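Here the sequence shown stands for residues 2 to 145, numbered as in the numbering used here.
Don't read these hints as lab results, they were simulated from the structure.
Fair warning: there could be bad hints in the mix.
What the hints assert, rightly or not - Below are the PhoX-like pairs computed for lysine-lysine, each with C-alpha atoms no more than 25 Å apart in a straight line:
#, residue 1, residue 2
1, K9, K49
2, K49, K16
3, K16, K60
4, K9, K134
5, K94, K134
6, K16, K134
7, K37, K16
8, K79, K119
9, K94, K60
10, K60, K49
11, K79, K9
12, K119, K94
13, K9, K37
Note that the structure is a prediction, hence the values are computed from the model and not measured.
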Amino acid sequence: MTNLRETKFYGDVLKEINYPFADIYIFEGFVVSEIKEGVVFSWEDHAKRIVTDVVEYTKNNGSEIVYLSHRVNSYSLKPLGWLHFFNDSFNLKGYGVIGYNSFSFLNTVVENLFFSKKIRRFGDIETAIQWAKSRVLVDININE
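Let the hints inform the model, and build the full structure from the sequences given.
Next up, the structure:
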């Protein structure tokens, strides 16, 4: 399990945002998050701040963004936060989870109860980023 900073993809990061609870990497058309060890991740305490900062930087409400949760650390997620996310008119083009153990994938089963789209699961960051880039390219080719 390697942090994104230690991969070949780090050079493509447009903006890095570091919080005490997470590191966020903004790319062209997608975002990768790495939540810190032991955090109990919630909408009010964490996600709302991240969403606000990403929206401010990218100038869109997320409808053109693929979100990748790179689960290199062990943390808890309060899935009811997704309800707040959608109530505030945010949306995502796609959502992927990069997990390295069965527990991180088990969490996606619960998250899927609150997220209106299919959550894609990946066993490595390279495959996840290829998928995110392909989601971005689909729209670029359609709009040309």
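Consistency of the hints with the structure:
no. : hint          : result
1   : K9 with K49   : 29 Å, violated
2   : K49 with K16  : 18 Å, holds
3   : K16 with K60  : 13 Å, holds
4   : K9 with K134  : 15 Å, holds
5   : K94 with K134 : 11 Å, holds
6   : K16 with K134 : 17 Å, holds
7   : K37 with K16  : 18 Å, holds
8   : K79 with K119 : 18 Å, holds
9   : K94 with K60  : 15 Å, holds
10  : K60 with K49  : 16 Å, holds
11  : K79 with K9   : 31 Å, violated
12  : K119 with K94 : 11 Å, holds
13  : K9 with K37   : 21 Å, holds
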